[in-house]
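Novice: Sequence:
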Amino acid sequence: MDIRNILNATDHTLLRPTATWAEIEVLIDEAADFGCASVCIPPSFVYEAVEYADGKIPVCTVVGFPNGYSTTGAKLFETEDALESGAEEIDMVINLGWVKDGLWDFIEDEIMQIRDLCEDALLKVIVETSELTDQEKIHLCQIVTSAEADFIKTSTGFSSCGATEADIRLFRAHVG
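Numbering (the numbering used here), first residue to last: 443 to 618.
In short, the hints are calculated from the structure, not lab data. One or more of the hints may lead you astray.
[As the list claims (entries may be wrong)] Think about it this way: if two alpha-carbon atoms lie no more than 16 angstroms apart in a straight line, the pair counts; the simulated EDC-like pairs of lysine to aspartate or glutamate are:
#	residue 1	residue 2
1	Lys566	Glu530
2	Lys498	Glu467
3	Lys498	Glu472
4	Lys498	Asp471
5	Lys566	Glu520
6	Lys566	Glu550
7	Lys542	Glu573
8	Lys498	Glu530
9	Lys566	Glu590
10	Lys542	Glu578
11	Lys566	Asp592
12	Lys498	Asp475
13	Lys566	Asp551
14	Lys498	Asp453
15	Lys566	Asp453
16	Lys542	Asp576
[To be verified] Ranges of calculated distance between the beta carbons of each label pair, as one might list FRET restraints:
#	residue 1	residue 2	range
17	Thr575	Phe476	33 to 39 angstroms
18	Ile580	Ser486	33 to 39 angstroms
19	Trp540	Gly604	18 to 24 angstroms
20	Gln577	Asp475	38 to 44 angstroms
21	Thr452	Leu545	28 to 34 angstroms
22	Gln577	Ala474	38 to 44 angstroms
23	Asp471	Gly618	35 to 41 angstroms
24	Ile610	Trp540	21 to 27 angstroms
Note that the Cβ used here is the ideal one computed from N, Cα and C, for glycine as well.
Work the whole structure out from these sequences, hints included.
Specialist: As structure tokens, this is what we get:
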């Protein structure tokens, strides 16, 4: 696999709370030049980013970020707002408390509701692997597949640590 294949599968991301519009412009230009899959940016910049990108690179934003414990209603509102602003991809964070409580139906229902709003937009589900047991990760792989999300992601980048090689192997073995 060469670097172009890796870049084509990478979301060039800037979600730091202090991100500025000037930094977002640079991010968009870099992503387009490098051939990245998308740019992932804070929701407050989506409308301007879509106009600036002018079709050169898909714009992605986050929902329930970074902790995932927003209500489903709040996540639905965030999703609708992002899509109306022109986002082509949504990265939603699951509620880890629901995972720890075993509320699998709640998690699947929330993903499905957001999936329904997304229609043609990509939906990626962030599960924060550093906070989960292997069994929880496997169960989430099954739920994300069943709910017909387009991708499962390992980490927000805002928890104690990111994904491990073992996480990637586990996901690869259990995503349908």
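Novice: Does each hint hold? Answer for all of them.
Specialist: Results for each hint:
Among the hinted pairs, lysine 566 with glutamate 530 is consistent with the structure: their alpha-carbon atoms are about 11 angstroms apart, no more than 16 angstroms. Annotation: proposed proximity of lysine 498 to glutamate 467 holds, straight-line Cα distance about 12 angstroms (limit 16 angstroms). Of the pairs offered as hints, the one joining lysine 498 and glutamate 472 holds, with about 11 angstroms between alpha carbons and a cut-off of 16 angstroms not exceeded. Restraint check for lysine 498 and aspartate 471: the C-alpha separation of about 9 angstroms stays at or below 16 angstroms, so the hint holds.
For the hint pairing lysine 566 with glutamate 520, the CA-to-CA distance comes to about 14 angstroms; that is within 16 angstroms, so the pair holds. Distance restraint check for lysine 566 and glutamate 550: the Cα-Cα separation of roughly 13 angstroms lies within the 16 angstroms cut-off, and the hinted pair is therefore satisfied. A threshold of 16 angstroms between alpha carbons decides the hint, and for lysine 542 with glutamate 573 the separation of about 10 angstroms falls inside it, so the pair holds. Distance hint between lysine 498 and glutamate 530 is fulfilled; the C-alpha atoms sit about 12 angstroms from each other, no more than 16 angstroms.
Note on lysine 566 and glutamate 590: the hinted pairing holds, with a Cα-Cα distance of about 10 angstroms set against a maximum of 16 angstroms. Straight-line distance between C-alpha atoms of lysine 542 and glutamate 578 comes to about 8 angstroms, which keeps the hinted pair within the 16 angstroms bound. Restraint check for lysine 566 and aspartate 592: the C-alpha separation of about 6 angstroms stays at or below 16 angstroms, so the hint holds. Restraint check for lysine 498 and aspartate 475: the C-alpha separation of about 9 angstroms stays at or below 16 angstroms, so the hint holds.
About 15 angstroms separates the Cα atoms of lysine 566 and aspartate 551, which keeps this hinted pair within 16 angstroms; it holds. At roughly 14 angstroms between alpha-carbon atoms, lysine 498 and aspartate 453 fall within 16 angstroms of each other, so this suggested pair holds. For the suggested pair lysine 566 and aspartate 453, the alpha carbons sit about 11 angstroms apart, so the restraint of at most 16 angstroms is met. The suggested pairing of lysine 542 with aspartate 576 holds, with an alpha-carbon distance near 12 angstroms, which does not exceed 16 angstroms.
Taking the beta carbon of each, threonine 575 and phenylalanine 476 are about 36 angstroms apart, inside 33 to 39 angstroms as hinted. For isoleucine 580 paired with serine 486, a C-beta distance near 35 angstroms keeps the hint of 33 to 39 angstroms intact. Separated by about 22 angstroms at the C-beta atoms, tryptophan 540 and glycine 604 satisfy the suggested range of 18 to 24 angstroms. A hinted range of 38 to 44 angstroms holds for the C-beta pair glutamine 577 and aspartate 475, which are about 42 angstroms apart.
Distance hint check: the CB atoms of threonine 452 and leucine 545 are about 32 angstroms apart, consistent with the given range 28 to 34 angstroms. For glutamine 577 and alanine 474, the hinted distance range of 38 to 44 angstroms is satisfied, since their beta carbons lie about 41 angstroms from each other. Separation of aspartate 471 from glycine 618 is about 36 angstroms and conforms to the stated range, judged on CB atoms against 35 to 41 angstroms. Hint check: isoleucine 610 to tryptophan 540, Cβ distance near 24 angstroms, so the stated range 21 to 27 angstroms holds.
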